[in-house]
Each structure stands twice: as structure tokens, then as C-alpha cells.
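Colleague: The chain contents come next:
There are 2 protein chains.
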Amino acid sequence: MTMIGPENADQARLLRLLRDDGPRSRVELLDVLGLPRARFGAEVDRLAAQDLVETAGPAASRGGRRSSLLRIAGRVRFGAVAVGEGRLEVALTDGELTIINRYAEPVDVRLGPEAVVGRAVELLAKLQAEAGLARLTGVGVALPAPVAVREGNPVSSPALPGWHQFPVRGTIAAELGCPVQVDNDANVMALGEHHAGTGRAFDDFLYVKLGSAIGCGLVHGGALYRGASSGAGDVAHLQVSEDGPLCGCGQTGCLEAYCGNAALVRQAVTAARAGRSTALGDRLAESGTLTIDDVAAAATGGDPTAQTMVRAAARRLGQVLVSLVSFVNPAIVIIGGAPLGIRPVLLAEIRGVVYRRSTPLATDSMPIVLSDLDDRAALVGAARLISDQVFAAR
Amino acid sequence: MTMIGPENADQARLLRLLRDDGPRSRVELLDVLGLPRARFGAEVDRLAAQDLVETAGPAASRGGRRSSLLRIAGRVRFGAVAVGEGRLEVALTDGELTIINRYAEPVDVRLGPEAVVGRAVELLAKLQAEAGLARLTGVGVALPAPVAVREGNPVSSPALPGWHQFPVRGTIAAELGCPVQVDNDANVMALGEHHAGTGRAFDDFLYVKLGSAIGCGLVHGGALYRGASSGAGDVAHLQVSEDGPLCGCGQTGCLEAYCGNAALVRQAVTAARAGRSTALGDRLAESGTLTIDDVAAAATGGDPTAQTMVRAAARRLGQVLVSLVSFVNPAIVIIGGAPLGIRPVLLAEIRGVVYRRSTPLATDSMPIVLSDLDDRAALVGAARLISDQVFAAR
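Chains as they are written, first to last, in our numbering: chain A, 1 to 394; chain B, 1 to 394.
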């Protein structure tokens, strides 16, 4: 495959600036980069020759000679894949990581990686063909499992049975002939928040992803904190209580066994059967099963049993967050992935626990907020993941 | 005060190389730095003119013309201060952070920061005078409290009552006329481990400091992870159990209330009074009080009650470490600060809990070891702390 990308650190910086801030005038870029004028012009020419940047028209006049605007070239298109919560989402973004087109469909990850990754490749190829592209600039992938990032393979996870060590990166790269990067979904969503969400204003924050699988992404100094073997951020299976419920991982009392979607649904079914909630009982009788959306609807509708369940889960999560926040000292905590209806209750309860219990230096002025881009976080983050690689100096 | 230090990134790199690896030949340094020969010579000359590097004699011949050895100049001398565990320790190190001379004496931190910092300044001045120095190159300080690192002030901590916001950095800098840097002791000890201990071989590790106050230092990518407001690593007051013992901080069930020295001593006194331990009872009758060393001696001597206490504390610590290790994914965990006698029991118990419970990606090949430089960690780390600042490009 033909590798494109910056040839040196200045070109890389220029590309990332244009990706993150959009079109800017040559005069302004010259200022920011602090390069000699001739050198700057030469670097721009070399990026243009690779079809990585292009002129976007004249900039607003600053009095003197008009400067032209530069932007990431229209030829730069990233593919983004997000697997999780029973859905496969695939998108095409431009060089500023704005989603141009996307497909989403139900997926059963238990069908195995060949089937799911194969389908993702089909959808990527479709997006590529529809956009009339000879090749994608790169593809980023978010998986609901720990990922050995260097290899691009997921490792054993209850959320992805049968995916252990499957070469996700290698498979997609071979099929589409472009660079591919794979990471854990919470990490990817944290990157998405950093590019386009509340996290944009912060270089040190903790992103907590709720849902079927619970995870954390830590951004430190503007980059993902991945740890020694890209296993950082794993919180799903922290033991909240020694004699807690059995978790999908085989241990007991894990955070996910209290706060994951499956745990809430299981509690809801028990409550419905025991006649402790009319709302949940009616819904169960009606459809024969309950989902997390039913629990959220019941809580939103004022059902006390559903609200108590959500509050209890939030308190458990809050307890874990107290530890993490004390240890990590983020500037802000962003919470994403929870069903719409239960967010206010969840947030109030989490804030209560964290602010009551945490040490002052860690939480004095630390906001806890809900994500404002939720269902785009994983796709924008996946594009950011691969763009960080493509826009790095060779 | 006259500021000395590197004028650019290459000079800074050269100084850190010589600090970390000791004297090296010019030829070798030229290779490592990858500078043009003339430029390299000019940078060395400018560092020599500032009395920061000097020639140490001829290097071993590699066949051609003999190259001379460079080293950090003898004029570079760092002061190191460590406050904690009832002791004030003050040392003088050379430019490679080797301790040349040191003083230690009992200290009561409740006398307040003026008295303790004043005494530290006296001892630093004494070390400076004995070494015939006009001025120290810089001073690093380790305090058993969270520290607002930018300002160099400790913030409220049960371990340092009355020290809140006292200008430790400003006071020492004004008295001695040199740059000063202050940080939390666990952070400083982690730096010490990275310079001279087991941590030398790792760029991502977790250092856990036991003792009167419990703390953590996280090294990530070779640098301290400090968080958004230098509060990272705070684990002492994580709630291990909701209905646990009262802690010095006013909350209940904190890790320190289970595993801190004071907690172990309190349990030992109770056991001695209740006649549950002959060893501890005899010792209490003899001296009217018990210390952590008495507990350690009883445990080492095979006293089952003392051993059970230490094991229980270690299991609590292990539980917290499981969370941290899953979240942080370090390459190795280094444990320091525990009294000599109880270390083997402690380590065995911690390993048991962590390896049984942690997720595979985080702990597959992650060793848990005892610090091998313990009582030097804080002083070497304090010298490293200030040298990182002095040896940074202006």
C-alpha cells in the first residue's frame, strides 16, 4: 500500500492544526508554527503535492496583501468503525473528522470476528465507493474489549467472546489497503470527546463510558494514557463488594455486575416478577422481555422501583469514581453512554457521592458532566485515532 | 539569584544523559545526540563555561584518536530534604545524584512549618558550608502531604497540621538563593526509584509508599504523572469499607485507617491489652507504649496475632492495588516504606490478592517487588526533582 503522511514534525503539526481548528490563513499558520517563510512555503507545497492540504480560497483581509486559506485536502477521508451495544456503526469523515456519511445496523458479536469485521469492511467499501474514492486515508476501529494496540488485536473479554487475538487491524488493512488503528471503545470515545465534545477544552480528563460494558478513557496532557501494555482504564471488573452478584467475567461483585445494562435489566425483571413495579410488570407482560430502554422509561416515568435501582447503581459507580478521581486528578469527568432517560438521576447521584467523599485537591473545582456528543463520540474518536497515526511524522 | 542551566534542548539532553548514566566519552555522546560535530563542541563549551560539565580525563581507546570523558561538573551540587515518619533528612548530592553527605534527626512536624523548614535550611547551609560551596545548584523537597507543585506549597493534610499553603519553596529559595522544587513524598520517592532503584529499568511503574502516611507515585513514559492540579496518586483516603474505622482525616474506612502505621499500632495495643499476644503484651508492659517496629518485631518473631494483623492490612492494600493496577496498567509495582520485619509477609499477601483478582492484560507479566533503596529513595528523588527543573531547557 502507498503510505501518505507528513515527512517531518512541522508538517505533522500543520496537519493536526488544520484537522483540529479547520481552515486557517497562511499568515496565521506561519505565526503559529514559527517557521521561516520560505521553509513554511516549501512544507505546504510538499503536503499539497501529496494531496494532504489544499487552498480553500482567500482569507479575510487584515489590511495588507490578502492571505489565502489552507485546509486539509478533500481527498483525505477517514473510515470509522464502532462495534458495541448490539450495533455496528461505520462512518466516513473528512480531514477535520466531521462525519460525512454513516451506516448503522444491528450486530451480534457472538457471530465472531470474521463475520462482524467482514461486514464492517463491506460497509467501509460501500462508503468509499459512494464517495468516489480510490482509497481511504485510514480506518479507526473501536471495540468493546481491551485491545493490544500495537498489534491491533482485541484480547479476551466477556463482551467479545471468540475475538481473542483476532487480527482486526491486519484484516481490515489487507482488505482496504490503508493504515488501520484499533483501540478499546472507552479510549476511542475519550478521543472523540477531546476532538469534538466537552473534552475539547481540557487536556486532562477522565471519560467514563456506561452501557453494556463499562470502561474509562484517560486523557493526560492531550494524549491517551494507555499504560505499559495498553490495558489502562479497565474499571468494569473492579470489585465493589466481596459478596456481590456474579459477573460475566466469572468473578463476583464487579462494578459491571452492579451497573452494567445487563445487571439493571436483570434487577428490573426480578422486580417486575415480584410485583414491585407496575410499570416494569406491565412492560414485561406486554413484550415478554425487558431492555435497558424499558428501565430508563420506567425511571423517567417516575416508577420508584426503577429509580431506586438506577440510584443504587449510580452510587456504586460514584464509589469507584471517588478512588479514580483521587488517584488520577482529572480536570473534569465526562460521563457518556447511559440511556437518555436515566441520565439526570445518574448524574445527581454520582455527583453526590464524589463531592462528599473526595479529597479537596482532586475535586475542588472539578466538574462532572454528561457527554454532549454521545452517539458520535465513538465514530469521531475512531477517526481521530487513525488520523493521529496518519498525521504523525514518519 | 543567578540562574544557571542549559540554553537549549540539546544542552538539556546532554546534562540529563550525564546525570543518569555518568561520565561518557565525547565520541559516544556525539553519537547519541546526533548533532553535527562543530555544533556539539560549541554546546559542550557553553555548558563548560557555565561550570555545568567538565572533562573527566581520557576515555578508553577505541582504536583511533582517544576521546576525552565528559561528566557533570564538580560544582553542581543539589540539596535534598525529606520530611516524614518523625524524621527530617537533609542531604547533599553530586550532579549524578549520588549522596555525598547527609544529616538526619528526629522532627515533630506539629511544631509547624517555620520551625521545620527553618531547621532544614540550617542543615542545608551546613552541608553547603562543609562542602565549601558558594551556592547550591538547587534544592528538592519531599513532604508527606499533597503539594500544589507550581506554587511549591503543601495543601491541607492530616500528616502536616498547620502547614496548609505555607510557602515552603519560597522560604527555602529566599534563604539559600537557589531554585527549589517541592512535591509529595510518594512522587519524590517514585522519582528516586526511577533514578537509582528497580524503577530504573522501567518507564511506566507504580510506586506505593507505606508507613505513617500511605501514598502512590505514578511514573508514565519516564515522567511523573501529576494530574490536572498535581493531586494525582492520592490513595490514603480511599474508602475500603463503608463502616470501617475512623481515620485521621475525619472520614471512616479509609485505606490508611486500616494499613497506616498508626492503625497497626492501635490494633497492637488493643491486642496486647486483651492478652491476645504475649510478645506485644510483654513489650507494652516493658515500655508503656508500642511502635510500628514493635509490631514488626512481633510479626518477625512468629507472633500469630501480629502476623494476622499485618496480613489483614496487606489484603486491604491488595484490594486497592487491584483497582489501581487495572486502571493504570503499570509495567511493575514497587513497594517501599514498610518496616523491614513485615516486608515478606506483606509482599506475599499483596501478591496473592492482586494476582488472583486482576484482569490478565494488566497483570500478565507485571512483577510486584519491594523497593531496593528505601531510605535513599526520598533524598535521591528530591535531588532528581530539582535537577529535572535545573536541567530543563530555558
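Read the hints as simulated data drawn from the structure, not as lab findings. Beta carbons: idealized from backbone N, C-alpha and C, even for Gly. Do not take every clue at face value.
Partial selection, computed: residues in chain B whose CB lies under 7 Å from chain A [what the hints assert, rightly or not]:
#, residue
1, Leu238
2, Ser241
3, Ser326
Colleague: Taking the numbered hints from earlier one at a time, note which ones the structure violates and give those numbers from smallest to largest.
Modeller: Hint check: 2 fails alone, others pass.
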